[in-house]
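Colleague: Take a look at the letters that make up each chain.
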Amino acid sequence: MKSGAVTHLSAKDFEGARMGMWLFLFTEVLLFGGLFLLYSVYRSEHVAEFHIASRELSKGFGLANTLILLTSSLTMALSIHAISTRRKKLASLFLITTILLGSLFLVNKYFEWSAKFAHGIYPNSPELVKHEGGVVLFYGLYYAMAGLHGLHVLAGVCVLIVMLFFLLKDIVNPEDYVKLENAGLYWHLVDIIWIFLFPLFYLIS
Amino acid sequence: MAGNTSAKTYVYVWTALVFLTFITVRVAGVDLGGISILVALGIASTKAFLVALYFMHLKYESRVFRIMTGVVLVTLAVIIGFTFFDTALR
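As you go down the protein sequences, you meet chains A and B in turn.
Okay, so the first sequence: first residue is 1 according to my numbering, each after it adds one.
Okay, so the second sequence: first residue is 1 according to my numbering, each after it adds one.
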């Protein structure tokens, strides 16, 4: 949907709208990038301890959450594709599926972290501070980065619920669905961040 | 805008992403020593590129979008990479 076309009735600049979203996403990349910077330096200084600490994380939960987010990105893209081909009902169904998958990610997180807390592994816990510095750093980074990411997932789910409302009310429609595209861009970025978090925290061999 | 990509393409990309995820898990079990992290990051970057190019439509946007993204990625690489000029030599 490009602006400036003679046949276009709307004065809106869709490409500009998407570019604005990309600019915001770049700030998010630098936000998480800063945390990945911390991770890379601390890991290089505590290689063995990061390996040991990583063993306590559940690969099962990590893998499940990875597959959940990857699939949610697919349903997000399919939702936008559906509205662009004038299939509002299909778009709504895919969007609802995306919201449910995002929520499932958060439910998984709840169970995963509840188990961790029950074992006494949380920032500054008496159990955790008994370990070597590298292990403490690993879990500090893990909770900070996965936690910040989880907050982003939560915010994303809220945004997608608003988008669903817009879609049902035809505020997002086949002539103008750039809001949905932009929400999708945010959602895909959240997926990309997890794509890096998963191997770096859960799969250190 | 989204009409450029077919639903089939999206499903193919998703299949590749799931496949690469299982590869990542498999490779993690193999002791490759120093290059393990490079392999893990390499696979993760490939997945990220697939999401960005296809799901985020970067492949079909104007070139300026790809240039901007490239600049940001190079910036991040410099931020992380150049830090090691300091920390690795302390």
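For the record, the hints were derived by calculation from the structure and aren't laboratory data.
Ideal Cβ placement from N, Cα and C applies to all residues, glycine included.
Worth double-checking, as some hints may not be accurate.
Cβ-Cβ distance ranges computed for the label pairs, FRET-style [what the hints assert, rightly or not]:
no., chain 1, residue 1, chain 2, residue 2, range
1, A, L154, B, K59, 28 to 34 angstroms
2, B, I35, A, F165, 18 to 24 angstroms
3, A, K88, B, G34, 31 to 37 angstroms
4, A, H51, B, F85, 21 to 27 angstroms
5, B, V30, A, G16, 27 to 33 angstroms
Not everything, but these chain B residues come out facing chain A in the computed CB check (under 10 angstroms) [to be verified]:
no., residue
6, V11
7, L17
8, T21
9, A28
10, I37
11, L41
12, I43
13, H57
14, V64
15, V71
16, L73
17, L76
18, F84
Some chain A residues flagged as far from chain B (calculated, every beta-carbon gap over 10 angstroms) [claimed, not checked]:
no., residue
19, S40
20, K59
21, V107
22, N108
23, S125
24, L128
25, V129
26, Y143
Colleague: Quick check on T21 of chain B please, does its C-beta sit within 10 angstroms of some C-beta on chain A?
Modeller: Cβ of T21 of chain B sits 6 angstroms from chain A, so the hint holds.
Colleague: Quick one, is the H57 of chain B hint okay against chain A at 10 angstroms, beta carbons?
Modeller: holds, 8 angstroms
Colleague: Just double-check V129 of chain A for me: nearest Cβ-Cβ distance to chain B has to come out over 10 angstroms.
Modeller: holds, 24 angstroms
Colleague: Checking hints one by one. Is A28 of chain B an interface residue toward chain A, by the C-beta closer than 10 angstroms rule?
Modeller: Holds. Min distance 4 angstroms.
Colleague: Please check whether the beta-carbon of S40 of chain A is more than 10 angstroms away from every beta-carbon in chain B.
Modeller: violated, 6 angstroms
Colleague: Let me know if the C-beta of I43 of chain B comes in closer than 10 angstroms to any C-beta of chain A, holds or violated.
Modeller: Holds: closest Cβ of chain A sits about 7 angstroms from I43 of chain B, inside 10 angstroms.
Colleague: Was the hint right that L76 of chain B lines chain A, CB cutoff 10 angstroms?
Modeller: holds, 5 angstroms
Colleague: Can we keep the I37 of chain B interface hint, with Cβ of chain A closer than 10 angstroms?
Modeller: Holds. Min distance 8 angstroms.
Colleague: So, as I understand it, the hint says L17 of chain B touches chain A; can you test that by seeing if any CB pair is closer than 10 angstroms?
Modeller: Status holds, d = 5 angstroms.
Colleague: Does the interface hint hold: is L41 of chain B within less than 10 angstroms of chain A, judged Cβ to Cβ?
Modeller: holds, 8 angstroms
Colleague: Hold the hint about V11 of chain B up to the distance rule: shortest CB distance to chain A must be less than 10 angstroms.
Modeller: OK, holds: V11 of chain B within 10 angstroms of chain A, min 7 angstroms.
Colleague: So the hint says 28 to 34 angstroms: do the beta-carbon atoms of L154 of chain A and K59 of chain B match that?
Modeller: holds, 30 angstroms
Of the numbered hints given earlier, the model fails hints 2, 3, 5, 19 and 20; all others are met.
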